[in-house]
Structure formats: C-alpha cells, structure tokens
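Undergrad: Protein chains in written order, with the numbering used here: chain A, 67 to 314; chain B, 96 to 534.
Take the hints with a grain of salt, since some may be wrong.
[As the list claims (entries may be wrong)] Only some residues are given here: those of chain A computed to face chain B with a beta carbon under 8 Å:
id: 1; residue: L136
id: 2; residue: P138
id: 3; residue: I156
id: 4; residue: L228
[Said to hold, decoys possible] Label pairs and their computed distance ranges (CB to CB):
id: 5; chain 1: B; residue 1: R156; chain 2: A; residue 2: V121; range: 30 to 38 Å
id: 6; chain 1: B; residue 1: L459; chain 2: A; residue 2: V121; range: 44 to 52 Å
id: 7; chain 1: A; residue 1: R173; chain 2: B; residue 2: T157; range: 54 to 62 Å
FYI, nobody ran anything at the bench for these hints, they're computed from the structure. C-beta: ideal position from N, C-alpha, C; glycine also.
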Amino acid sequence: MLSISALHANAGDKPILKGISLTVNPGEVHAIMGPNGSGKSTLAQVIAGHPGYEVTGGSITYMNQDLLELDPEERAQQGVFLAFQYPVEIPGVTNAYFLRSAYNEIRKAKGEEEVDPMEFLDLMEKKLKLVDMDPAMLHRSVNAGFSGGEKKRNEILQMAVLEPKLAILDETDSGLDIDALRIVADGVNALKRPDNATIVVTHYQRLLNYIVPDFVHVLAGGKIVKSGGKELALELEQRGYEWVMDAA
Amino acid sequence: MQTSMQTYTDAFAAASASGGSAPAWLTGLRRRAHDEFVATGFPTTRNEDWHFTSVTPIAERTFKTPKVGTGAASVTDALALAAGESGWPRAVFVNGRFDSALSALGALGKDIRVATLPDALTEGPDWVANHLGSLAAFDKQAFTAFNTAFVNDGLVVRVPKNVKAPAPLHIIHVADASAAGCVIHPRLLVVVDANAELAIVESFVSTGSAEYLTNAVAEVRIGEGARVHHYKVQRESAEAFHVGTLQAHQSRGSLFHSFSYATGAALSRTNIYTKLAGEGAEARLNGLYLVDGTQHVDHQTFVEHIAPNCSSRELYKGILDGASHGVFNGKVFVDPEAQKTDGKQTNHALLLSPQARVDTKPQLEIFADDVKCTHGATVGRLDAIALFYMKSRGIGADAARALLTYAFAAEVLETVEIDSLKDALEAIAFQRFTNQVQR
Numbered sequence: 067m068l069s070i071s072a073l074h075a076n077a078g079d080k081p082i083l084k085g086i087s088l089t090v091n092p093g094e095v096h097a098i099m100g101p102n103g104s105g106k107s108t109l110a111q112v113i114a115g116h117p118g119y120e121v122t123g124g125s126i127t128y129m130n131q132d133l134l135e136l137d138p139e140e141r142a143q144q145g146v147f148l149a150f151q152y153p154v155e156i157p158g159v160t161n162a163y164f165l166r167s168a169y170n171e172i173r174k175a176k177g178e179e180e181v182d183p184m185e186f187l188d189l190m191e192k193k194l195k196l197v198d199m200d201p202a203m204l205h206r207s208v209n210a211g212f213s214g215g216e217k218k219r220n221e222i223l224q225m226a227v228l229e230p231k232l233a234i235l236d237e238t239d240s241g242l243d244i245d246a247l248r249i250v251a252d253g254v255n256a257l258k259r260p261d262n263a264t265i266v267v268t269h270y271q272r273l274l275n276y277i278v279p280d281f282v283h284v285l286a287g288g289k290i291v292k293s294g295g296k297e298l299a300l301e302l303e304q305r306g307y308e309w310v311m312d313a314a
Numbered sequence: 096m097q098t099s100m101q102t103y104t105d106a107f108a109a110a111s112a113s114g115g116s117a118p119a120w121l122t123g124l125r126r127r128a129h130d131e132f133v134a135t136g137f138p139t140t141r142n143e144d145w146h147f148t149s150v151t152p153i154a155e156r157t158f159k160t161p162k163v164g165t166g167a168a169s170v171t172d173a174l175a176l177a178a179g180e181s182g183w184p185r186a187v188f189v190n191g192r193f194d195s196a197l198s199a200l201g202a203l204g205k206d207i208r209v210a211t212l213p214d215a216l217t218e219g220p221d222w223v224a225n226h227l228g229s230l231a232a233f234d235k236q237a238f239t240a241f242n243t244a245f246v247n248d249g250l251v252v253r254v255p256k257n258v259k260a261p262a263p264l265h266i267i268h269v270a271d272a273s274a275a276g277c278v279i280h281p282r283l284l285v286v287v288d289a290n291a292e293l294a295i296v297e298s299f300v301s302t303g304s305a306e307y308l309t310n311a312v313a314e315v316r317i318g319e320g321a322r323v324h325h326y327k328v329q330r331e332s333a334e335a336f337h338v339g340t341l342q343a344h345q346s347r348g349s350l351f352h353s354f355s356y357a358t359g360a361a362l363s364r365t366n367i368y369t370k371l372a373g374e375g376a377e378a379r380l381n382g383l384y385l386v387d388g389t390q391h392v393d394h395q396t397f398v399e400h401i402a403p404n405c406s407s408r409e410l411y412k413g414i415l416d417g418a419s420h421g422v423f424n425g426k427v428f429v430d431p432e433a434q435k436t437d438g439k440q441t442n443h444a445l446l447l448s449p450q451a452r453v454d455t456k457p458q459l460e461i462f463a464d465d466v467k468c469t470h471g472a473t474v475g476r477l478d479a480i481a482l483f484y485m486k487s488r489g490i491g492a493d494a495a496r497a498l499l500t501y502a503f504a505a506e507v508l509e510t511v512e513i514d515s516l517k518d519a520l521e522a523i524a525f526q527r528f529t530n531q532v533q534r
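Next up, chain A with everything else stripped away, as it sits in the complex (with noise of 0.2 Å):
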C-alpha cells in the first residue's frame, strides 16, 4: 500500500528525516516511536503533503501511485488520513459543514453521488456514537474552543467519516486522560478493516496498549534506528531510547 524509500525532507534548510525506508501492506498497524526531536510527525506531516516540508530525496509510493506529486487534497481523495497532533480552529465554519464538505470531496473523487445534509446527518449520528461525542459539537465551529480531548475526538470523528485507507495518527494520544485515550483507540479499532492500514505516531507505549501495532520501529535522528515487534515498544517503555539510539 505504501512504500517509503530513502526518503530526505528539509524544514527549510534544516534537514529532518534523513533517509527513511517503511513499507505498510493493508491490514496492518505499524507504531512509530521516537524521542522528541526525532522527525516522527515530520514523517506523518511529508506523507500528508504539508507545505513547510521541502522533500530533498527518496520516494513515497502509495497504491502504486507516486504520492509526491499528489496535493493533499488529491492524497485525501484517495484514502490518505492524517489525524493532527495540533488540529486546527476554524472559527466560523461549523463541524457539520466541514464535514459534509470533505465527505462530498472524497465522494465525488470515487465518483460518487454527493448526499445532502439531512442524508448527511443521519450518517453522522452512528459515527458520533463510536467517538461518544455530542451531537451539539457538530453546529459548534471546527475545533473552536474545544478542549484538548474534543479536538482529538474530532479528529477520530473526521476519520470515521472519511474512512480513509491509509490513516497516520500523530500523537494522538498527547494530552488525554485515560477515559479520552480509551475512546479514541476504541474509535480506531472499530474502523480496522482488512483493506486499510495505520500508522500511529507515539512518544509514549501507553496509547499501544489499545491499539496493538503488529510493527514497531523506532526514529531518532531522521532515520528508522531498529524495527520489531510489539514487544519492542514495551522493551523502550521500560528502558528508554538511549539504548536504541546508542546501538545505532
């Protein structure tokens, strides 16, 4: 599905990610881990297209397509999901209109018919449930004073709605309490399926405790520094990076 090859990326001159290989088949759910400062929501960021990331080498092919070349939007359209680590506000456009306009966008990329806002609504009462939010915050503007675990919500939300294929949740986890933390991961689980794939972006092995990873490779210094396991996230979790960082 997806494939990452000597991938180099600058934040204007600097240089982040400095050669990255990953590849992603459908189904599975591979954890990036990586100490602050490692490049790890610069990797989610480049995937998703953002603009203050200059890519300088390598490759990202996705669904056998050559994702570089595609804007974000055109990346969105066709099943790239990327749950921000800080979701922005949007003061004056409401959630439902936000939502209603992604969902039509990706529909009529698949070259399907758009719905209307009550057809719309009613999807939306089934996908509010599996994140536990409130339908009010639906007519409340896009992340507009939403407190930490709205706005992680919300992002669950948009990606309930838009079931993406390749979804990338950057430290989605930062910021939760227990209670929140759980209702996310149960949120993600419950949108697994045998053709999509996830990529999660953690400091922390508390959030795969809830989403298990069938990979875990961890990123320090701009390049992936060891690959494993599930068990390899609860080896960091006890002994830290520095091990990792110094094997490397």
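Once you've looked at the hints, dock chain B against the given chain A.
TA: Frame of chain A, contents of chain B only:
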C-alpha cells in the same frame, strides 16, 4: 476644480430659480449649505479625516444634475439587485427621484408615516423644518453641504411612540444607465419616537456600469428607549463614486444598530456617526466590505459619548483582493460628563493578494476618568496551516480558500439580525469569494 465648482454654483442658481414653492427656511438652508460647500471645497488628503482617501477623481469631474423622468429601471431590476424580501414595504428611488410606481409602502401599517420630502413639506412643514438638517451638520463637511445645497427629493419617516414596525422598511436607490455623469443626492430623515422600533434596509444598487456620484445623507433621531436598526447595502456600479453620511442622535436608553455592507463603487466612503446624548444608550456599529481590482473603500465612524453609562461596540471587517485599498478610521469621543462609558472598537482586515492594502486609524479622545475604552486592529492573510488542514481532508484549494474567507466574514455577518438579509448578504459574499479564488 474651479470650473466644477462654478458649474455646481450655476446649477444651484438654476435650481433656486425654478424651485419657487420652497419655504423660506429651506431656501435659506440650501443657500447656507451652498456657500459652505463653495467655501470649503472638496477635502484633500491634508485634511485629517481624508488622509487615506483622495477624492481627486470626484473633484476633477463635473457631475450633472440628473434629468427628471429618465429612469428606466423596473421593479424586477431593483428587487433583484437589492438584498431584501419582495414583501417588505419599499420606497424606490431611481436616479435620485422617488418612483411611486415601483414603491409599495402599504405593509408598513397606518401608524408609521412615510412620505417623500416634497409631500412631507406640504403635510407638515413645521415638523420638517424642525428636523431637516438638525443633525447632519455641514460646517466644514463638503459632501454634506453639497447634498444639503441640492436637497430636493428624499424620504421622511416618522415612527410614533410605542409603535413597532411590522417589517423592515426597504429603501432602494437605483442608478441606471441615464445616471452616467450625474450626481445623485439621496436624503433620508428618520424620527423614531420613544419606545418605538424600526429596521431600515437601505440599498444602493445599479443596473449597469455607469460612472456617477452618489452623495447620500441620512439623519436618524432616536427617542428614549427606541430601537433603530439601519442596514446599508452599498452595491453601486464598478465605475461609480459613493459618499454616504449617516448621523444618528440617541436619547436615553435607546439603541442604534448600524450595519454597513460595501462591495461596490470604484471609490466609496461611508460615514457612520452617532451621538449618545442620553444616559444608558447603546450603539452597535458593524460592517463588512469586500473589494478587489483597484477599488477603494473607506469607513469612518464617530461615536460621541456625551451622557454617562452608555456603551458602544464596533466590529468592522474587510476582505481585500487585487490591488484594492481599504481604510477604517474609528473615532471615539468621551465627554467629561460621560462617566462609565464602555466602548470597544475592533477592526480586522484580510488581504487575499500581495497588492491589496489597508490603513487603519483608531482615534480615542477621552475626557472622563471612569471609562472603559478599547480598540484593536489586525491585518492578516489566509492561514496556511488552516488551508492545509482543510486540504488534508480532501477539500480542494479553491474551496478551502473560499471557506476560510467566508469564515472570516461569518462573525460580523452574524450581527445581521434579519435572517433573510443575512442569507442574501452571505450568498453575495460567498459568490464573490468563489469568483475571487477562481481567478
């Protein structure tokens, strides 16, 4: 400029000679206004109030008086262009002249008096004499003097005490092709007595692309506990010039709510002035302007806090594309008597192109010690991260820009209390953003 002034003086002499039936006080008012206009002349950018707005394009032209009865606008034109409901009572002026065939005032009910200025002069000359020109001072105010010198047609509205208007009064000023090269001087006099309420939607529209000057003056006297809402919708032709001054006077416990929506004209200036003369009065002044190309749009507000315990709230937003230029000048004066004044002024501009420009000048003159007055202004561009966020959800670049631009405007459009008008203004705005991003 000398020649244009001479032409206006000649036109004034001709109008005075033909208008034999006017009462002496009115000819005197016009004469004083004419003399003031000639003595003051059009303002230059050395005048502090016009520092960012050059009216040279107006001063260097000579605008004619429109010929009577040349208007060819239909009611369909007028209603399609003006943002309002067809069922609202309406007064339609075509090229500055009241058009009784296009107007329909019945829905306002029998308690509310609406008349043209000539009819009002016949029915109640003393009442008109007491009010006309009593608020809109023309001392050193060239455009108000210009209007007053030529005051002829216009609308007079009186709402007696305790009467609440059942629907908004829609005043539609239409300029058609025969307005080309002309100056139109709309005049509005509104007196709302104690505890009465009235909403006015005043639309300035054009059926074509003629170059003309609209020079409007409105006087609004608001009695104790009365509430007046004034929505100004300025959608003049792209070649037109528009100067409009509204002067309100508020008694104790009254509300004046003004909303100025400006998208038209090559050069426009809207003055919204109110005097909070009675204790506990409230002024809410809001506005939204959308301009592109080489349009110039200027808003000046002046809130005079004369009495204690009054509040004023101002929120103006501008969206500027192309090489357009926006100006906001907000003056707040607090008299030594106006203790416990609560004033807040906010002004935000969104620049959609690198060539667009905005100048903001808040002016606070506070002479009382126990007051709360704040002002804030921002000039920004569309947030790149918010655009990326929307795109990352599949929303295309153009739609994302339009949605964010709309979101910027939404806060101030929310202050429009008439739902159908809000929807209409939203639709006009949204269409404009969409067109903008398509270019």
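Undergrad: None of the hints should be skipped; say for each whether it holds.
TA: Here is how each hint holds up against the structure:
Interface hint status for L136 (chain A): violated, as the beta-carbon distance to the closest one in chain B is roughly 11 Å, over 8 Å. Interface hint at P138 (chain A): satisfied, since its Cβ lies 4 Å from the closest Cβ of chain B, which is below the 8 Å cut-off. For I156 (chain A), the interface hint holds, since its Cβ comes within 8 Å of a Cβ in chain B; the closest pair sits about 6 Å apart. Interface restraint check for L228 (chain A): the shortest CB-CB distance to chain B comes to about 7 Å, inside 8 Å, so the restraint holds.
Checked against the hint of 30 to 38 Å, the pair R156 (chain B) and V121 (chain A) fails, with Cβ atoms roughly 57 Å apart. Checked against the hint of 44 to 52 Å, the pair L459 (chain B) and V121 (chain A) passes, with Cβ atoms roughly 51 Å apart. Checked against the hint of 54 to 62 Å, the C-beta distance between R173 (chain A) and T157 (chain B) comes to roughly 59 Å, which is consistent with it.
Checked against the numbered hints given earlier, this structure breaks hints 1 and 5; the rest are met.
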